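Protein chains: 2
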Amino acid sequence: MIPDDAIGALGAMLGERLSTGKSDLALHGRSETWHAEMPPDAVCYPRDTEEVSRIVALCARYGVPVIGWGTGTALEGHASAPRGGLTVDFREMAAVLEVRAEDMLVRVQPGCTRGALNTELRATGLMFPVDPGADASLGGMAMTRASGTTAVRYGTMRDQVRALEVVLPDGRVIRTGTLAAKSSAGYDLTGLFVGSEGTLGLVTELTLKLHGQPEAVSAAVCAFPSTEAAIETVILATQMGLRPARIEFVDAATAAILNAHDGGRFEEAPHLLLEFHGSDAAVAEEAERFGDLAAEAGAGGYRWATQAEERTALWTMRHRAYHTILASRPGSTAVVTDVCVPISRMGDAIERARAEIAASPIPGPILGHVGDGNYHAILLVDRGDPAELAAAKRLSDGMVAHALELGGTATGEHGVGLGKLHFMEREHGAAWDVMGAIKRAIDPEGIMNPGKLVRQN
Amino acid sequence: MIPDDAIGALGAMLGERLSTGKSDLALHGRSETWHAEMPPDAVCYPRDTEEVSRIVALCARYGVPVIGWGTGTALEGHASAPRGGLTVDFREMAAVLEVRAEDMLVRVQPGCTRGALNTELRATGLMFPVDPGADASLGGMAMTRASGTTAVRYGTMRDQVRALEVVLPDGRVIRTGTLAAKSSAGYDLTGLFVGSEGTLGLVTELTLKLHGQPEAVSAAVCAFPSTEAAIETVILATQMGLRPARIEFVDAATAAILNAHDGGRFEEAPHLLLEFHGSDAAVAEEAERFGDLAAEAGAGGYRWATQAEERTALWTMRHRAYHTILASRPGSTAVVTDVCVPISRMGDAIERARAEIAASPIPGPILGHVGDGNYHAILLVDRGDPAELAAAKRLSDGMVAHALELGGTATGEHGVGLGKLHFMEREHGAAWDVMGAIKRAIDPEGIMNPGKLVRQN
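Protein chains in written order, with my numbering: chain A, 1 to 457; chain B, 1 to 457.
Since the hints were derived computationally from the structure, they do not count as laboratory data.
Every value quoted in this text rests on a predicted model; they were computed, and no experiment measured them.
From the three backbone atoms N, C-alpha and C, an ideal C-beta is built for every residue, glycine too.
Straight line, CA to CA, 35 Å or less: simulated DSBU-like cross-link-like pairs of lysine-lysine: (1) A:Lys22 with A:Lys393; (2) A:Lys393 with B:Lys209; (3) B:Lys393 with A:Lys209; (4) A:Lys209 with B:Lys209; (5) B:Lys22 with B:Lys393.
One-sided and incomplete, this derived list gives chain B residues near chain A with beta-carbon spacing under 7 Å: (6) Arg145; (7) Ile174; (8) Gly191; (9) Gln239; (10) Glu285; (11) Ile343; (12) Thr409; (13) Thr411; (14) Ala430; (15) Ala437; (16) Ile438; (17) Ala441; (18) Leu453.
Same shape as in the complex, but just chain A (with noise of 0.2 Å):
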């Protein structure tokens, strides 16, 4: 509940640009995937920092949870108000402020896309290359610490914030980074604000890398024998250090999905689907080497796609692979794995994951950014059916268990929200706990997206 006296206050700082409205509060408590609705009280779009600082201010007098929003395809419920309180929208603060082509840095508002900025980038020769599958917001993937196919060559959202603005839990705005390339100036607040999901302050305007859009690109897609020889095919390339831009894995599962559903004509097997960024020399070189590594692995079907129509298809139907399999199960709802493993031991946490998915009741297609370590079972549970929603959670729960003992995370990039809230304590141990310590430090009333990440009290 937010006091009717800060409403009023609100209502008169903001007026249309404060909403009750019923189906605005739905909207921005609504999940992507299985999360329950948990509408706000109330709904703000600001246009400066000056009225984030002042709204976030006012919420602090009052007590009133803070909520940051950028176009809700968190996959975790990283944006719903389980405790109520205002919900900062920033579809109005979602400028391009300043390129600054020579530094290769951009300047945006937190509710610029991704796929906005690019396409304000077009014609500068650069790019940005983060791609969740989502066009989300640039806010929004810095607070998760979102990444994608291209972050086995580019990084994630860790590697591409420069510098931030962010207005604290008491209203202060503060700018962390600078527009160096580097800095031993202090303690490293922009990679503490980058995965802090919200519960450390509002991101008002971020400094993103930008990278030159690649001379040649090429894509390749080959089957291989099995899980673990595409891995070890991975493995060496990585080692010998070849550097596609992507390099996804989808099983046979998802294989026949995307054929049965989205036009694709892909072998019953594991796949990679490659691409390769470079000189018309070091791309046709790349290639070249990556697909002698995947024939002495048994790879068959090496398939280039040199023309941009064909890569397009390609990755088109990559990135909207999990609404495809989504659908693929009509009303059904997803809970979606990401967990991340040392590369190393990928291969075999695949294949149990595969194993225990085929036991079970529910469909679970694997496919992820396999250069990273990163991979995703889509676990299809019908809507009406607790208990396949249980299966599906078990099966999430052990898949974490086994990527934890083998040294690895529960959530590779899809964040922790509410969620993977229950794994933090057996990931971090005692880390956890100065986790919670700078959360009291920063924000000690506790009003910045409340109930995620840190341990409740």
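Keeping the supplied structure of chain A fixed, place chain B upon it in accordance with the hints.
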């Protein structure tokens, strides 16, 4: 002062591995540069994490300052003991614990130096690329977020540290990070401890990323008509996606000193020294492309060095340049500046610094890692002349003030220590208070490396 009870308890625990010998204390209070000697009250040499934990817990009980020590090569007085206390020297914790070749990771103890690690790795086909001038300890390098000549391609310590074991200020032992290539599981504590300069705890184990030894290496040297022309070439190359492993700048003054004192054969002009890593074909292509850009910028004498001996000679000269410069003025010590600026402004910034140094009474050759926007003026001051030291500090302060105006940082890789403390408020504004809040949350008694990095009470 360490209370007698505490000394007694430490002695009982450590025997001869606790020292209060005068020369030992002096050695551990000394700086590589102009900073005054500030010895601790005792030095200890623990052998394992459990011992470190017991030492720190004991110091916590008695309120004794604890200062970590690697090789003593920090440039800003990081490991000095302005409030006395106990220096924890990691020379007996210097092992390479485990090489995980498939995961391209290594676990080391903090006292292991980068040189020792690379010797150990030689037969594996892997390498650890970060190379500050000194053969520093990897723990120390992590604590100052060090980099060096190869950061332009491989990144800094921020990018190389996958996971840490840390003894907290109350003696608890935590593990941060995992063996997985990426994670979205909560606050990036690994990133927070990297660069914390021992003010939040003592690192007792590091898991570091490794890289493949390049198949081919070539080096090149070229002289430019102006600093601006050299920097412009670097900017264009970066935008084109060229990824030299090293792009080092030396100004005409540095070239003259290397000629006179270390057998260099440079024109007296600004130079770039480059190294390319990759396949034979990739290295040849990159070097040629870079050569074309340099020629367009008016560079002369583009010389290749594909022979290992010639390359080694070049980089040995570069790595000992600091000491060669120091020796060029007998009896001098150095104030070494370390600003890092947005690359678009670097040409201006270097030229302005050169002009200011030329107008001063002291010599100050400039060299640096210009692919990152980071460069150093080695301001040579007569050890016995306070006026020269004051002039050098004025020059350094002016360079920092200018770097901050340009959106840069006071320190690109050397860290804060004592020498850059007075810039922290100006660089970070209110964000420095957030650093202070984190320090108090993790080290409420302020026993870890007191006097450094955060605001002093």
